[in-house]
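Visitor: Chain order of the listed sequences is A and B. Per our numbering, the very first residue in the first sequence carries number 1; after that it's consecutive. Per our numbering, the very first residue in the second sequence carries number 1; after that it's consecutive.
Possibly wrong hints are sitting among the right ones.
Below, computed lysine to aspartate or glutamate pairings styled on DMTMM-like, alpha-carbon distance capped at 20 Å [to be verified]:
1. B:Lys54 to A:Glu116
2. A:Lys192 to B:Asp191
3. B:Lys54 to A:Asp121
4. A:Lys197 to B:Glu143
5. A:Lys194 to B:Glu98
6. A:Lys197 to B:Asp25
7. A:Lys192 to B:Glu139
8. B:Lys79 to A:Asp149
9. A:Lys194 to B:Glu179
10. A:Lys194 to B:Asp25
11. B:Lys77 to A:Asp253
12. A:Lys197 to B:Glu95
13. A:Lys192 to B:Glu143
14. B:Lys77 to A:Asp121
15. B:Lys79 to A:Asp124
16. A:Lys192 to B:Glu148
Keep in mind the hints are simulated off the structure, nothing from the lab. Source: prediction; values computed, not measured.
As a plain string of letters, each chain reads:
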Amino acid sequence: MIKKLLLTFFSILTIGSLCAQDIDLSHWKITIPEGKPTSVAPPEILDYESNEALKPFFYKDTADNSLVFYAYPGASTRNSSYSRTELREQMEPGNDKVNWTFAQGGNLKGTLSVPEVTQSDIGDYHRVIVMQIHGRLTDAQRDMIGEDDNNAPPILKIYWDEGKIRVKTKVLKNLNATKEELLHEKAWGDDKGKNFKEVVGTDKFTLEVNVSEGKMEVTLNDNETFVYDDIHMQKWGIFENYFKAGNYFQSKDKDSHGYVKYYALKVKH
Amino acid sequence: MQQLLTTILILFSFNSFAQQAESIDLSHWKLELPSGYTASEWKLSNFQKDRFAKPFFYIDSIDGALVMEAYPVMGTKSKAKYTKTSLREQMIPGESNENWSMIEGGVLVTDFQVVKMSKENPKKYHRTILFQIQGRTTEEQEEEYDLEKAINLPMLTVYWQDERIKVQRKVLKNGAAMEKELVMKDSWENDAGRYFNKKIGFEKAHIEIKVEEGRVEIQLDDQKPIVYRDTNIRKWPLDNYFNAGNYLQTKSVVAHAIVKYYKLQVTH
Numbered sequence: 001m002i003k004k005l006l007l008t009f010f011s012i013l014t015i016g017s018l019c020a021q022d023i024d025l026s027h028w029k030i031t032i033p034e035g036k037p038t039s040v041a042p043p044e045i046l047d048y049e050s051n052e053a054l055k056p057f058f059y060k061d062t063a064d065n066s067l068v069f070y071a072y073p074g075a076s077t078r079n080s081s082y083s084r085t086e087l088r089e090q091m092e093p094g095n096d097k098v099n100w101t102f103a104q105g106g107n108l109k110g111t112l113s114v115p116e117v118t119q120s121d122i123g124d125y126h127r128v129i130v131m132q133i134h135g136r137l138t139d140a141q142r143d144m145i146g147e148d149d150n151n152a153p154p155i156l157k158i159y160w161d162e163g164k165i166r167v168k169t170k171v172l173k174n175l176n177a178t179k180e181e182l183l184h185e186k187a188w189g190d191d192k193g194k195n196f197k198e199v200v201g202t203d204k205f206t207l208e209v210n211v212s213e214g215k216m217e218v219t220l221n222d223n224e225t226f227v228y229d230d231i232h233m234q235k236w237g238i239f240e241n242y243f244k245a246g247n248y249f250q251s252k253d254k255d256s257h258g259y260v261k262y263y264a265l266k267v268k269h
Numbered sequence: 001m002q003q004l005l006t007t008i009l010i011l012f013s014f015n016s017f018a019q020q021a022e023s024i025d026l027s028h029w030k031l032e033l034p035s036g037y038t039a040s041e042w043k044l045s046n047f048q049k050d051r052f053a054k055p056f057f058y059i060d061s062i063d064g065a066l067v068m069e070a071y072p073v074m075g076t077k078s079k080a081k082y083t084k085t086s087l088r089e090q091m092i093p094g095e096s097n098e099n100w101s102m103i104e105g106g107v108l109v110t111d112f113q114v115v116k117m118s119k120e121n122p123k124k125y126h127r128t129i130l131f132q133i134q135g136r137t138t139e140e141q142e143e144e145y146d147l148e149k150a151i152n153l154p155m156l157t158v159y160w161q162d163e164r165i166k167v168q169r170k171v172l173k174n175g176a177a178m179e180k181e182l183v184m185k186d187s188w189e190n191d192a193g194r195y196f197n198k199k200i201g202f203e204k205a206h207i208e209i210k211v212e213e214g215r216v217e218i219q220l221d222d223q224k225p226i227v228y229r230d231t232n233i234r235k236w237p238l239d240n241y242f243n244a245g246n247y248l249q250t251k252s253v254v255a256h257a258i259v260k261y262y263k264l265q266v267t268h
């Protein structure tokens, strides 16, 4: 009898761990806020569970088969003052140089939750960016504007903000900017941002980002959609992009931290 | 005997369930605390687990009342002039720009009790604002009158003062004021205020505030209501929201007030 029970128990566990393979990491590179910081790309990332350096920040929660992203301030990654445990899409595994334009399009769908985030000294919850579309200069663009790296701004940032989901995008400050001018980071400003009506709190939710030529759509729980298809999206067509997903933790407060869990994550082009 | 006991127990638990069901619905309110803490929507719905809300805003475990405490906080980030523990009505949760017009009107019904109030001197208690009808310019007005930001102006304020309820409201300095002049703060001043006769002290009390086009009525218990229906009300140009809470009108470091709410209900 006990044997039978144990068997059932283990087979449930096995099925469970198989389910977590829902998240195919073969096109993602993980960065954690420790080391210089540390990044692990495919194929090494596929063996993340036996990577001791990743373990504190990026691991499987066998209780709910989620992929956990943990971050706290301390070490921060390049180009940013905040810390992140975040996946970066790699269309070609192991290569940051192959990315996609809006004309080529892309679709990212994830099921996630933000189960725990600390609060500031007066009780404001720290914010977390859970998904992004980041721009990237091609080497030719980089050389044309005399930059020393390939960084371009993020056209999309999706925040968990006090239990709600907040979407921020970029706007071109001067619509008459030349093609060269709009490659500069300074050419782009933040839009006002907007919140989905639905409150997610610490519950599971689904986010879908769909990109096509001149258009970006963000959908929460297959229910509410924000559509961006104005002149700014058309102008953004000049950039190549990649998706990001995880926990880009927006606080430098001492003793602050946040957890993000992904239950599913799928990218299509 | 045992059966009887069980029945009583079941009845009892039903009763407490019913009380629970009547608890105050916070979905259309935004909370502000003396520390500068603010919360609405999910954050507010979670207040009982939030250690930052607890010192000022909690459920009394014995009578189930919603308790609002006010006392000064060192190094506060609050923008309020005094010590403010207060709820601000939000027609659309999380949104402060959508308020109700005089034509739409509104009714606030509440049961409350001031259970503690510190003193200014041995003979005089501090006073607190329990309720307000707050006016706020609409986005159309801000555009039409070229205003840099929204103007907020309380039309009516209900104080607990000297153990009684005092109602004070705004009146026009110039009764002939029109258009942009009407929305400017400088065009309005406080009237002398009126007290209800009854001394409520630290007892439970019931207040209803009814707003409709050209008319505002405040009812305390079985007292003769205070009614305003004059030019000042007719000309009130702003959309409105209710405030309810414990906005303690002093910066004294030893000030401390506790107000319990048993009922807080808004209808439009």
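Visitor: Each hint: holds or not?
Guide: Here is what the structure says about each hint:
| no. | hint | in the structure |
| --- | --- | --- |
| 1 | B:Lys54 to A:Glu116 | 19 Å, holds |
| 2 | A:Lys192 to B:Asp191 | 40 Å, violated |
| 3 | B:Lys54 to A:Asp121 | 14 Å, holds |
| 4 | A:Lys197 to B:Glu143 | 26 Å, violated |
| 5 | A:Lys194 to B:Glu98 | 16 Å, holds |
| 6 | A:Lys197 to B:Asp25 | 18 Å, holds |
| 7 | A:Lys192 to B:Glu139 | 16 Å, holds |
| 8 | B:Lys79 to A:Asp149 | 43 Å, violated |
| 9 | A:Lys194 to B:Glu179 | 32 Å, violated |
| 10 | A:Lys194 to B:Asp25 | 25 Å, violated |
| 11 | B:Lys77 to A:Asp253 | 16 Å, holds |
| 12 | A:Lys197 to B:Glu95 | 10 Å, holds |
| 13 | A:Lys192 to B:Glu143 | 18 Å, holds |
| 14 | B:Lys77 to A:Asp121 | 10 Å, holds |
| 15 | B:Lys79 to A:Asp124 | 15 Å, holds |
| 16 | A:Lys192 to B:Glu148 | 17 Å, holds |
Against the hints set out earlier in the document, violations occur for numbers 2, 4, 8, 9 and 10.
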